[in-house]
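Peer 1: Below are the chains, spelled out letter by letter.
Protein chains: 2
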Amino acid sequence: MRISLAAAFLLVPVIASADPLPSWNDTGAKAAIIAFVDSVTDPDADTYVPEANRIAVFDNDGTLWAEQPAYFQLLYAIDVLKQKAGADASILTSDVLKAAAAGDMQGIMARGTEGLLEIINVSHAAITAEAFGANAHAWLTTATHPTTGRTYAGMIYQPMLELLSYLREEEFTTWIVSGGGIDFIRAIAEDAYGIPPWQVVGSQGNTSYALSGDGTPTLTKDGGISFIDDKEGKPVGIMRHIGRRPIFAAGNSDGDFQMLEWTTAGDGPRFGLIVHHTDAGREFAYDREGGIGVLDRGLDEADERGWLVVDMARDWGRVWPGEE
Amino acid sequence: MRISLAAAFLLVPVIASADPLPSWNDTGAKAAIIAFVDSVTDPDADTYVPEANRIAVFDNDGTLWAEQPAYFQLLYAIDVLKQKAGADASILTSDVLKAAAAGDMQGIMARGTEGLLEIINVSHAAITAEAFGANAHAWLTTATHPTTGRTYAGMIYQPMLELLSYLREEEFTTWIVSGGGIDFIRAIAEDAYGIPPWQVVGSQGNTSYALSGDGTPTLTKDGGISFIDDKEGKPVGIMRHIGRRPIFAAGNSDGDFQMLEWTTAGDGPRFGLIVHHTDAGREFAYDREGGIGVLDRGLDEADERGWLVVDMARDWGRVWPGEE
Chain S
1 MRISLAAAFL LVPVIASADP LPSWNDTGAK AAIIAFVDSV TDPDADTYVP EANRIAVFDN
61 DGTLWAEQPA YFQLLYAIDV LKQKAGADAS ILTSDVLKAA AAGDMQGIMA RGTEGLLEII
121 NVSHAAITAE AFGANAHAWL TTATHPTTGR TYAGMIYQPM LELLSYLREE EFTTWIVSGG
181 GIDFIRAIAE DAYGIPPWQV VGSQGNTSYA LSGDGTPTLT KDGGISFIDD KEGKPVGIMR
241 HIGRRPIFAA GNSDGDFQML EWTTAGDGPR FGLIVHHTDA GREFAYDREG GIGVLDRGLD
301 EADERGWLVV DMARDWGRVW PGEE
Chain G
1 MRISLAAAFL LVPVIASADP LPSWNDTGAK AAIIAFVDSV TDPDADTYVP EANRIAVFDN
61 DGTLWAEQPA YFQLLYAIDV LKQKAGADAS ILTSDVLKAA AAGDMQGIMA RGTEGLLEII
121 NVSHAAITAE AFGANAHAWL TTATHPTTGR TYAGMIYQPM LELLSYLREE EFTTWIVSGG
181 GIDFIRAIAE DAYGIPPWQV VGSQGNTSYA LSGDGTPTLT KDGGISFIDD KEGKPVGIMR
241 HIGRRPIFAA GNSDGDFQML EWTTAGDGPR FGLIVHHTDA GREFAYDREG GIGVLDRGLD
301 EADERGWLVV DMARDWGRVW PGEE
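Protein chains in written order, with my numbering: chain S, 1 to 324; chain G, 1 to 324.
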């Protein structure tokens, strides 16, 4: 049920008086975000955008949560693979699967994207969609990260949680548009981000519907990769799932370039945001080099394209939830 | 923004006092729908379902709008094909395409689903997603149906519009899950049904992202069929887009069987609804025979599965919007 206009007027002053982004330092980044939101929500402004068009999309790995030393989904896949291989070593049919089961990150990375997909494929297949979601949720909330000791679900960025909440309070819908697996992110998105499963867009494998032995209708993940939601795939994934061009897009790597490009090329007010990992002390520092989250072209072109580059060390007062 | 609890209490009596389904006769069908909605929205009942799980899915052709003498999208495709062939007859490379351009419905139907897909494929390709949506919207609101003389958008069932609104007032999200093309339905869904594009699930072709000659980021429909959202495909499509099992499903043909089966096999209160086309006078009468909207197994099994069969002639006081 939508709130009535009269009731909305009563509530607005309460919302406006509090700082919507308390974990953001008082730098230009915070001011730019708030100015944009003000401009599209002011019904008297030329820049006003109706609620149904206030679509904000967020990359996940490196934008909403951390992605070092490797994508969390890959770390999960390796844990699952180790467990499966412990019961039946014959599933390790290739070098990259053997490297994964041995926890050999260099051996995995040497095989590039194809190797990653093979690991995901073997570790995520032949399981019902419901069981997969439950397993992934349990892992994300109990397994701990090798350097921070936090749970993976505890490595969501507090400033981005505040940004999601702020946009929703201002009648945006907030979406995740990730190169990661849609089912993996959905396992935690509602609990962690307040984002329902239908507002998660991601890469996906094949799923089939059949009656199980006892006649129970069942959806099973069959493995394979039917869609890769990365680079040029991100605008395609957005059109598949959302069906409308966003007005706000946030990413952190060149895998998000086309999503920001397409979002900000639309008419009217648009906002592109890049999280720049500059904070080796509190998080990680990386950009143009490496195998994870490479940000090169985006860094070169952000200025001319009018995209905001958020400097994590400068612009964020805290990084993790629960920090003082 | 969600309405506050206090405000909700003020509004509930107003909503509850009006008949939410005025175009439904006072038969058992209407009473069964209202009893179900009451049972899942009463916070004190064991059968209460939280808002985020109140997902209602609707087939489109034959459930929300008419589908005779042929699916509206096929009639649209034929019109587009005629227009294209007028400019360049060499595009008619097969018998079924020639039959379509000649308006020969028997020649089309003789080729079955494969023929339909070929027509859709040729007529819907090599166009930007935005231009396609604008064309389809224009056709749906201006072209007229051969027997009723109504626009196609004017052949939506008034009782189903009321059901959609009623469910949304009761904090359901309402979704279309159609064997028809996702982009075709999205072209009209918000105007016609109050359903935003992201709550439309359907069959889909391939889409690609590229910069056009002048550097404009563009999404283009390339043709081909990447997903068929029918029969076993409907639960798969629901899981892809919604990521959660519905509690309410409505269809009219055996193409909806698995959607109803999967929906109603879940725990807790569930509702399956079949629109039975029994009204040759006001609409069309058909079920077990023919090439469009065949309802055979569903009719046999509805009773034992506890699905409500809506008898259009008996249960609907009016069929079309604007009728007295």
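Check before you lean on any hint, since a few could be wrong.
[To be verified] Cut-off 20 Å, straight-line C-alpha distance, at most; resulting in silico cross-link-like pairs (EDC-like, lysine to aspartate or glutamate): (1) G:K231 / S:D222; (2) S:K231 / S:E114; (3) S:K231 / S:D254; (4) G:K84 / G:D311; (5) S:K82 / S:D104; (6) S:K231 / G:D222.
Read the hints as simulated data drawn from the structure, not as lab findings.
Peer 1: Would the pair S:K231 and S:D254 pass a check requiring their Cα atoms to be no farther apart than 20 Å?
Peer 2: holds, 7 Å
Peer 1: Given the hinted pair G:K231 and S:D222, is their alpha-carbon gap at most 20 Å?
Peer 2: holds, 18 Å
Peer 1: Verify the proposed pairing of S:K231 with S:E114, using a straight-line Cα cut of 20 Å.
Peer 2: holds, 16 Å
Peer 1: Between the alpha carbons of S:K82 and S:D104, is the straight-line distance 20 Å or under?
Peer 2: holds, 12 Å
Peer 1: For the pair supplied as a hint, G:K84 and G:D311, confirm whether the alpha-carbon distance does not exceed 20 Å.
Peer 2: violated, 41 Å
Peer 1: When you check the alpha-carbon spacing of S:K231 and G:D222, does it fall within 20 Å?
Peer 2: Distance ~18 Å between S:K231 and G:D222 Cα, so the pair holds.
Violated hint: 4 only; the structure is consistent with all others.
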